[in-house]
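Participant: From first to last, the protein sequence lines stand for chains A and B. Heads up: the first sequence at position 1 corresponds to 1 in the numbering used here, and the numbers run straight through without jumps. Heads up: the second sequence at position 92 corresponds to 92 in the numbering used here, and the numbers run straight through without jumps.
It is worth saying that the hints were derived from the structure and are not from the lab. Glycine residues also receive a C-beta, built at the ideal position from the N, C-alpha and C atoms. Please note that the accuracy of each hint is not assured.
Below, simulated DSS-like cross-link-like pairs (lysine-lysine); rule was C-alpha separation at most 30 Å, straight line [to be verified]: (1) B:Lys73 to B:Lys130; (2) A:Lys71 to B:Lys130; (3) B:Lys77 to B:Lys92; (4) A:Lys83 to B:Lys130.
A few chain A residues facing chain B, derived, Cβ under 7 Å [what the hints assert, rightly or not]: (5) Leu3; (6) Ala23; (7) Ser33; (8) Gln35; (9) His80; (10) Val88; (11) Asp89; (12) Leu103.
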Amino acid sequence: MALKIDQGNDYTLIHIQNDSVDAVSAREIAAASEQMQAKTVLDFGSVMFINSAGISALLKLVIEARKRGKKLFAVNVTAHHRKVFEMVDMLRYMPIARMDEVLPIIQP
Amino acid sequence: MATSGVAVDTPLNDIEINIPSDMVFERVVRESALVVAKHLGFSEDRVADLQLAVSEAVTNAIEHGNRSELRVKVGVKFLMTPDKLAVQVTDKGQWPAAQEVLQSTPAEWNLEDRLDHDLTRGMGIFLIQKLVDNVELRSDERGTQFTMWFNLDKGLNNVGNVNIELQGPEKLDIFS
Numbered sequence: 001m002a003l004k005i006d007q008g009n010d011y012t013l014i015h016i017q018n019d020s021v022d023a024v025s026a027r028e029i030a031a032a033s034e035q036m037q038a039k040t041v042l043d044f045g046s047v048m049f050i051n052s053a054g055i056s057a058l059l060k061l062v063i064e065a066r067k068r069g070k071k072l073f074a075v076n077v078t079a080h081h082r083k084v085f086e087m088v089d090m091l092r093y094m095p096i097a098r099m100d101e102v103l104p105i106i107q108p
Numbered sequence: 001m002a003t004s005g006v007a008v009d010t011p012l013n014d015i016e017i018n019i020p021s022d023m024v025f026e027r028v029v030r031e032s033a034l035v036v037a038k039h040l041g042f043s044e045d046r047v048a049d050l051q052l053a054v055s056e057a058v059t060n061a062i063e064h065g066n067r068s069e070l071r072v073k074v075g076v077k078f079l080m081t082p083d084k085l086a087v088q089v090t091d092k093g094q095w096p097a098a099q100e101v102l103q104s105t106p107a108e109w110n111l112e113d114r115l116d117h118d119l120t121r122g123m124g125i126f127l128i129q130k131l132v133d134n135v136e137l138r139s140d141e142r143g144t145q146f147t148m149w150f151n152l153d154k155g156l157n158n159v160g161n162v163n164i165e166l167q168g169p170e171k172l173d174i175f176s
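Please model the complete structure; the sequences and the hints are all you need to start from.
Facilitator: In C-alpha cells:
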C-alpha cells in the first residue's frame, strides 16, 4: 500500500508511504479523495520524488476538496517539492503546514 | 531558457540506457540520473531538477512516443562535456510540430483554469522548461529525439547550495 490513512471526527491524515509520487503510485493517491474529511492533511515525510503524474494525482484531491468544501494541507514537504508545487501554483490550494500546527487537530 | 538547437559537444563520457516502454522502468533512468548528477557534483536541488526533468521526458517518450508498447524501447543518453550535461531521450513516435509545441508551452501555469475544467495532466513540458537550461526537440519518420542541457557552471555542490531541510510556511490558520 502506498498510503496509511488515519481518521478522526473531522480530519483525515494521509501518510504517503511510497518514496515516489509518480505514475505508479498515482492511482491509489487519487482514490484517497473518497476518504477526505473537513480537514485533510497529506504527510510527505517519506516522499523523495514527485513528478507530474504524481502532481496530477494530487490535483485530483485538490479538485475534489474544492468541490466538497474540504481543506487540504501538506506537511513534511522538502524544499525541492515546495519549489515544484510553487511552479504549478499548487500551494494556493494545498498550503504547507508545519507538523506542530497539525498536531492539535489530530491529537486534541 | 532557450529552445533553439545547440550542438552537443564531443562528450568526454557518455552513458546509454534502453528501457521497455513501461512506466515501471522510468525509475531506472531516474536513478541513473541521480548517479550521474552526484558524479558531476550537482547540488542537492540541481540533482532533483535533473531527476524530475528526466522523468518527465521519459514519461512523454513512453506514453506519447511509444504508446506504452512494451517491446518498443526508449533510449536515454547522458552526454558529459566539460561544461554541460546533455540528456537525450529518444522514442519511435513522431511529433510533426515539435518546435511549435515547445514554443507554445505557456510561460506561466494557470492552475485555476485547469481546476475549473478538471484538467490535471499535461504539465511535463512546462516543468522541463522551468528546470533545464536548454531543450531541443527533433522529430521525423524515424522517431523523436528530445535533448535537455544542464550547464555545469551553476548549481554545483557547495555549502550555500545544499538544502535538504524540510520547510514549512508562515503560520497557517488551519482551525478556521
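Participant: All hints are to be evaluated individually against the structure, with a verdict given for each.
Facilitator: Comparing the hints with the structure gives:
no.: 1; hint: B:Lys73 to B:Lys130; verdict: holds, 27 Å
no.: 2; hint: A:Lys71 to B:Lys130; verdict: holds, 29 Å
no.: 3; hint: B:Lys77 to B:Lys92; verdict: holds, 15 Å
no.: 4; hint: A:Lys83 to B:Lys130; verdict: holds, 11 Å
no.: 5; hint: Leu3; verdict: violated, 18 Å
no.: 6; hint: Ala23; verdict: holds, 4 Å
no.: 7; hint: Ser33; verdict: violated, 12 Å
no.: 8; hint: Gln35; verdict: violated, 18 Å
no.: 9; hint: His80; verdict: holds, 4 Å
no.: 10; hint: Val88; verdict: holds, 5 Å
no.: 11; hint: Asp89; verdict: holds, 4 Å
no.: 12; hint: Leu103; verdict: violated, 11 Å
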